[in-house]
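Protein chains in written order, with the numbering used here: chain A, 1 to 200; chain B, 1 to 338; chain C, 1 to 409.
Keep in mind that the hints are not guaranteed to be accurate.
[Unchecked claim] List time: in silico DSSO-like cross-link candidates among lysine-lysine, alpha-carbon distance up to 27 Å:
1) C:Lys297 <-> B:Lys324
2) B:Lys121 <-> B:Lys98
3) A:Lys39 <-> B:Lys98
4) A:Lys140 <-> A:Lys160
5) B:Lys69 <-> B:Lys93
6) B:Lys318 <-> A:Lys140
7) A:Lys39 <-> B:Lys93
Rather than coming from a laboratory, the hints here were simulated on the basis of the structure.
Residues per chain, in single letters:
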Amino acid sequence: MILHYSCSSSHQHDEQHDKVHGPLANRLRAYTDSIEYEKSSLDAMQQVKLVLAQIHDTVSVLLPERTSMIRSYPCSNCHTQPLAKLSAGRKADERKSHWDIAIIHGSAEVMNCQTCHDEKNMNELVLLTGNAILFDESFKQCRQCHSTQYADWVGGSHGKRLGGWLPPRIMNTCVSCHNPHKPAFESRWPSRLNTSSLTE
Amino acid sequence: MEPVQLPENKNTGCQSGHCSCGKKKEDGFEQVMSKPSDRRDALKKLTLGLLTGVGFTSTSCSVTAGDAKKEKAQLNWEEFFKGNYQLMTDDEKNSTVKRLERLYELNNGRKINVSAQGPMKDVLYGYAFNISKCQGYMDCINACVQENNQDRNSQMQYIRIHEHKNGSMDFELADDNFYHEVPAAGHFYIGTQCFHCENPPCVEVCPVKATWKEKDGIVVIDYDWCIGCRYCMAACPYDGRRFNWATPEVPADEVNHNQHYLGNRLRKKGVMEKCTFCIQRSRNGKSPACVEACPTGARIFGNLLDPNSEIRWVLANKKVFRLKEDLGTEPKFWYFMD
Amino acid sequence: MKQLKIFRSLVTNGIKTALQGNSLYHVWMGFLTFFMLLGAFCFYIQLRDGLIVTGMHNHVSWGLYISNFTFLVGVAAAAVMLVLPTYVLKEMDFSKAVLIGEGMAVAALIMCLAFVTVDLGGPIRAWHLIPGLGVFNWPNSMLAWDVIVLNGYLFINITVPLYILMCRYQGKEPNKNFYLPGVLISVFWAVGIHLVTAFLYAGLPARPHWNNALLGPRFLASAFAAGPALIVIALAVINRFTSYKIDDNTFRKLALVITVAAQINIIMLGSEIFKEFYWPTHHGSSAMYLFFGLHGKNALVPYIWTAIGLSFTATAILSLHKLRNNKAWLYLACVMLFTGIWIEKGMGLIIPGFIPEAWGNIVEYAPTWIEIGVTGGIWAMGAFIFSLLAKVAIGIETGTLRYQEKISV
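Based on the sequences and whatever the hints tell you, model everything.
Following this line, the structure appears as structure tokens:
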């Protein structure tokens, strides 16, 4: 106790801590004003194309632009016709297009390709209501089922920041990390051994 | 244990302490400082005078090659007698940084960039670790080692990942040396590193004030002031500190050239080092290397004083806890679950 | 000016005395010199390669050096056991032993400072510790306190005997008003150095094995057993090999001091063992590892049981009046007690404080030969210094070394 008090005399103190007594977490609640920074997270992200996603009135995040990352976008390059017409002309033994994509996401009873892809306009995605959305807004699709993850993502405990910790918030979108066809993380070998207690 | 109320800063006009608004009011620190530096100067001059004779005899043999050698000797000399970084003026900080850059160039023929950048205003760094997300991939450790120029021989690492069996949080039973595919079924992972405590016991015990808490909350070490007594290591309840038992070695082309005096600059034998929240990155608005490298987003870093920061959201909306809270150290490193 | 001249004469004559002696003395000093040189060589290797050549590592970051330092602080503090009755309580039985005791304190303190220095990662930067030149974290750091109290104690233990010897050297009776304040301070100071050293460990909540209130008192009890035990052994050697005769009463009084301290030490040990094992907690893991081994690791178990065996046996011997009053048994008990406490303070206190480490892993420690070499060198240096001091002091006390006006002119 005595030592703890004596430390105040010599530590390089700062005004931040003088406002409120009590444990750190309580003290922090006293800080309610937004802070102005001299720098911005955009400084380091000049090369990356970003899109603004307005979550609700007070929250907006920047997301990496998605469509330019998809290899064969726009889909209409191949999918010149709506899906129903395309599959109608396909012979029984003909190999399916996108044969390499297996959906390991939910159960087959719940999800198929058309749950997310707009079968009338392949360049867009579709919500449960039938409303079409852009590929850049795919998070709106995920939130239909994954509401808790979505809330965490909006809040900031799910997903990853890009461009550092300063505002504005640049976030990875859901599909930056999760393959929508197979969203679970795979097990793999650790990238190294934890040797801190092995060295001896 | 009641946390301490710290006395008010005397320089209310310039909060950062790094501005140059005329003559600063002299507080206790500077009064202490002004004397030792004079005495140190006197000592320096005295010994320099004694040794110049020796220097002349050794350098007079080769006039051409002597210049670089002489400069190196001079720089090493000034480096040895410099003061504690914490008490240096901005000018002194800049000149030691210049000396370090020049010395590296003389020794290795490559340029490095050492920064003496101070803390940002209204920033207190905090960290949150999502236990539900960490999968034990260890990408954070690799990124940390590369970013912070840690000794490759001893495989020094600041971060430890502990593999716990479901149903137990007992660290004594955790496996710290797992090497199998991760995540292992029925296990979860917790990472530990320096927690940058608000009441850091390591800072309390250092006999020469070679380690301290910066205004932005980062606990740092002056590698050139540390005498290597390792008392801080004994005082840390979290195994946050590492010691250079031998001369640390980093292959020349793996050296991260973007350095900070209090961060990842190259260390020497016999001094302490530790995680600095990648001070060379965080003070530029970047996240620490571990945060950036984590493929699962388990690591969250930000400004605790900013009500709009993610770290504040986590503290307000998640059930967070810290390790060994009973010790009253107030780590600025929280754990939470989804 | 005159005092300076006398001092110079004391030093030159002292060196002369120290260089003379019978062949046994020369063999003894040569033997110590050999180990000092060996220690210096080991220290050179350590300076060149770093502390990697020791057995210490990131988990057990203090080892043999700091263990010996801790023990020797106790030995140094024990000089007070002799100072107190002699100077203050006019218990003249100890008068002959007291100079020897203070000489031992000086040697022990120099060894302490040497052990701390060799333990530093950068001994070349040790000047950062010098108030004025460096930056001193006082009063926060217990290590800063320790630097102050050890150097202060060294100063007192050099000046007080030096004044007395200077007077005796001139054949004068020392003035009580001069040295008594110094003696009084040193009495409190001696308790202080050992308590401060105990607080250095007890103040760390990170190490539950040390973080207990009994650590300080237990340090004192064991120090007041081990220190006088060493003095008894030294006096026995002096009695046997020099013309300086110590009377039996001194031995009896010293033996009593040792006995009481050893008994208190045993009671405190019992109290600690009860606390750790009646209801074992994670905070008792270190004790579990120390006494019985943990998770199959048990490197310290033989040390602690040897130490406890020696301490118990010695205390039993000392507690029996018949055996205690028999010189041979007394010497045996003193050697056992000294060794027992040395092992216990070393391998049994400092090392297990680090095991298990902060997150419960058990990483063991064993000193390397380099470490043992440096340690041996410092012990040899201590014995060397003590032998020199004792020889000069005995010379003055027995009257063979006296100031003569014409020599100094």
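Verification of the hints:
| no. | hint | in the structure |
| --- | --- | --- |
| 1 | C:Lys297 <-> B:Lys324 | holds, 25 Å |
| 2 | B:Lys121 <-> B:Lys98 | holds, 25 Å |
| 3 | A:Lys39 <-> B:Lys98 | holds, 25 Å |
| 4 | A:Lys140 <-> A:Lys160 | holds, 17 Å |
| 5 | B:Lys69 <-> B:Lys93 | holds, 24 Å |
| 6 | B:Lys318 <-> A:Lys140 | holds, 23 Å |
| 7 | A:Lys39 <-> B:Lys93 | holds, 23 Å |
Hint compliance for this structure: every hint is met.
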